[in-house]
Amino acid sequence: MEINELKKTAQSIRINIVKMLAEAKSGHPGGSLSMTDILTVLYFDQMKIDVKDPKAKDRDRLVLSKGHGAPGLYATLAQRGFFPQSELMLLRKCGAMLQGHPDMKNTPGVDMSTGSLGQGLSAANGMALAGKLDKADYRVYAIVGDGEIQEGQFWEAAMSSAHYKLDNVTLFVDHNGLQIDGSNDEVMGVNPIPEKLRAFGWQVLEIDGHDHEQIQAAIVFAKKVQGRPVAIVAETVKGKGVSFMENQVGWHGKAPNAEQCAQAVEELERGAK
Amino acid sequence: MGVATRESYAKVLVSDLSQNPNVVVLDADLGNATKSAAFKKAAPERYFDMGIAEQDMMGTAAGLAACGKIPIASTFAMFAAGRAFEQIRNSIAYPKLNVKIAATHAGVTVGEDGGSHQAIEDISLMRSIPNMTVINPADGKEAEEALKAAVQYYGPVYIRLGRATVPDLHGDNYQFNWGKGEVLREGKDVGIIATGIMVAKALAAAEKLSEQGIEARVVNIHTIKPIDEALLIETAKLTGKVVTAEEHSVIGGLGSAVSEVLSRQQPVKMAMVGVQDTFGCSGSPEDLLTKFHLQAEDIIVAVKSLD
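Protein sequences, first through last, are from chains A and B. With my numbering applied, the first sequence corresponds to residues 1 to 273, in that order. With my numbering applied, the second sequence corresponds to residues 1 to 307, in that order.
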C-alpha cells in the first residue's frame with residue numbers, strides 16, 4: 001500500500017478507536033492510539049493474511065501482548081475486513097463478540113487471547129517453534145507495551161526467543177513512556193530497552209513508531225535477519241493524533257465522553273487530509 | 001510389584017506419544033526428574049527445554065497448541081499448578097488450547113525435599129479453572145492409559161503424577177474411561193472414594209474392615225473433573241456414608257468435589273482423609289503418609305467416625 005494510503009487508513013482506524021471507546025464508555029485509548037501506525041503497516045502492507053480464511057495454517061500471526069490495546073487491534077481488523085465495522089460499537093457489551101481484551105475463540109483475526117500482561121511473547125515463541133517444526137514460512141509478530149516488560153515472564157520469553165534462534169519472531173515494543181500510575185521512569189525504570197534486548201541476544205532496531213516508512217523498512221529488514229529474533233523498539237506518543245490525549249497518563253484507561261469524542265474525531269479527520 | 005506414575009509417563013512418551021508427529025514435550029530443567037527427558041531421546045527435535053521458567057513454558061505451550069501441536073508441558077506440580085497458575089488459566093484454559101500438563105512430584109510423597117516442594121493444593125487450583133480436565137491416576141497402568149487418552153482428547157488437561165512407587169492395581173487389559181469412576185470392590189456398609197495413591201490405601205483399608213464385618217465399596221476417581229456424578233450418587237445411595245481419601249489438602253480437592261455433588265443431590269454423612277490444612281515437611285514418603293494421616297489405618301478411623 002502507498003504510504004499516503006497507509007496514513008489515511010491509520011487515521012480512519014484511530015477515528016473508530018475513539019468512537020468505539022466513547023460508545024463502550026470504558027477501555028484504553030492511549031495505548032491503542034500509540035500503536036495504530038504499527039498495526040496499520042502490519043495488516044495493510046506487510047502481513048501475509050487472508051480475511052476470508054482467518055485460520056489459514058500458513059498465515060502470519062500477531063500476538064497483541066498488550067491486550068488492553070484491543071480497540072486498536074479490533075478497529076484494524078474491522079477495517080481490513082475480518083468482521084463488520086458495526087461490531088466495533090458493541091465493544092465490551094454483554095454478549096458481544098468484542099471482549100474488553102482479545103479473545104481468540106470468538107474473534108476472527110485474533111490469533112491469541114491476551115490481556116494479562118507479560119504472556120504474549122511466550123505464545124508468539126510457541127507459534128514460531130511450531131512454524132520451524134512444520135518448516136512453514138509464516139512469521140509471528142508480537143507487540144508489547146513498555147510498562148508491560150516489567151513483568152518477569154517477558155524476559156523469560158526474550159531469553160527463549162534468542163535461545164531457539166527464532167528469526168521468524170518480530171517483536172514491537174510500543175515505547176510511549178507511560179503506564180497507568182505515571183511514566184515508566186517514575187513507576188519502575190525499564191530503560192534502556194534496546195540495550196537490554198541486545199544483551200538478551202536480539203537484533204534491535206530503533207524507529208519512530210509513527211513513521212510508516214520506517215515501520216515498513218524495519219519489518220522488511222526483520223524478515224531478512226537469520227538466526228536470531230528482531231525487536232523493533234518504536235518510539236511512540238501515547239494517545240497519538242488526539243491533542244488532549246497525547247502524552248497524558250490520564251488517558252491510559254479512560255473513555256472519552258461524547259463531546260471529547262466529537263473533538264477527537266474532528267481532529268483526526270483533519271489529520272487524515 | 002509397582003511403579004511410580006512418572007515412570008509410566010516416560011514409558012508412554014517413548015512407546016506411544018513419540019510416534020505422534022504433533023506431540024511436542026516441554027520441560028523446565030527437570031526432564032530427568034519428571035522423566036520427560038525420555039522423549040528427548042525418542043524425538044529430540046520435538047523436545048524443548050525451556051529452562052527454569054515455568055511461566056514462559058506454559059505460554060510457549062499455548063502458542064504451539066494454537067498452531068496445531070499437542071504440547072505436553074512438564075514440571076513439578078508445585079511449579080506447574082502453583083507458579084504458573086495464571087499462565088495456565090489465561091494463556092491455556094481461557095482460549096481452550098490443547099495443552100496437556102504433566103505435573104509430577106505431587107503430594108507429600110515427594111518426601112525428603114520437604115514442604116516447599118509438596119503440592120497439596122494443585123487439584124484445588126486446577127479444577128477451579130473452566131475448560132480444565134483434572135486426572136489423578138492411581139497406578140502405572142492407569143497413568144499410561146490416561147496419558148494416551150488425554151492426547152486423544154481436545155482441550156487442556158492436568159495430569160497429576162507422583163515420585164514414589166505405587167502398587168499395581170490394574171492389569172494389562174485395563175481400559176481408561178474418560179470421566180468415569182471405577183468400582184474396585186463392592187460393599188454396602190460404607191463408600192470409600194479415593195484418588196491417586198490413596199486408592200491402594202483404600203483397598204487395604206477395605207480388606208481390614210471386611211475382617212471386622214464392615215463391607216466397603218471402593219471407588220477409584222481418576223478423573224476429578226469432570227467428576228462421575230452418577231457413580232458418586234449411586235455409591236451414596238447404596239452405602240449411606242462416604243469417606244474420601246486423597247493425597248492433597250482436604251480444602252478444594254477430591255473431598256470437596258465429592259461433597260459438592262452429594263450435598264446437593266444425595267446428602268450423606270462424610271469424612272475426608274487428606275492433608276488437614278497444613279504444609280508438608282521432609283521425610284520418607286511412608287513416614288510422611290503416616291504423619292499426615294494418609295494410611296489405611298486412617299481411612300479405617302474415618303469410616304468408624306461415621307458410626
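If you're looking for bench data, these hints aren't it; they were derived computationally from the structure. Keep in mind that a hint or two might mislead.
[What the hints assert, rightly or not] Computed footprint of chain B on chain A; a stretch qualifies when at least three of its residues, placed anywhere within it, have a C-beta under 8 Å from a C-beta of chain B: (1) 31-37; (2) 129-139; (3) 157-163; (4) 216-222.
[Stated by the list, open to error] Once the Cα atoms are required to be at most 27 Å apart in a straight line, the calculated DSS-like pairs of lysine-lysine come out as: (5) K165(A) / K41(B); (6) K224(A) / K57(A); (7) K40(B) / K132(A); (8) K141(B) / K41(B).
All values reported here derive from a predicted model rather than from experimental measurement. All C-beta atoms in this analysis are idealised placements derived from N, C-alpha and C, irrespective of residue type, glycine included.
Hint check results:
By the rule of at least three residues with a Cβ nearer than 8 Å to a Cβ of chain B, the coverage given for the region 31-37 of chain A is violated, with 0 such residues. Check on the region 129-139 of chain A: 5 of its residues sit with their Cβ under 8 Å from a Cβ of chain B, so the three-residue criterion for coverage holds. Restraint check on the region 157-163 of chain A versus chain B: 4 residues with Cβ-Cβ distances below 8 Å, three needed, restraint holds. With 0 residues having a Cβ less than 8 Å from any Cβ of chain B, the region 216-222 of chain A misses the three-residue criterion, and the hint is violated.
Simply put, K165(A) and K41(B) have alpha-carbon atoms about 22 Å apart, close enough for the 27 Å limit, and the pair holds. The suggested pairing of K224(A) with K57(A) holds, with an alpha-carbon distance near 22 Å, which does not exceed 27 Å. The straight-line distance between the Cα atoms of K40(B) and K132(A) is roughly 17 Å, inside the 27 Å bound, and the hint therefore holds. With a C-alpha separation of about 22 Å, the suggested pair K141(B) and K41(B) falls inside the 27 Å cut-off, and the hint holds.
The structure is inconsistent with the numbered hints 1, 4, although it conforms to all the rest.
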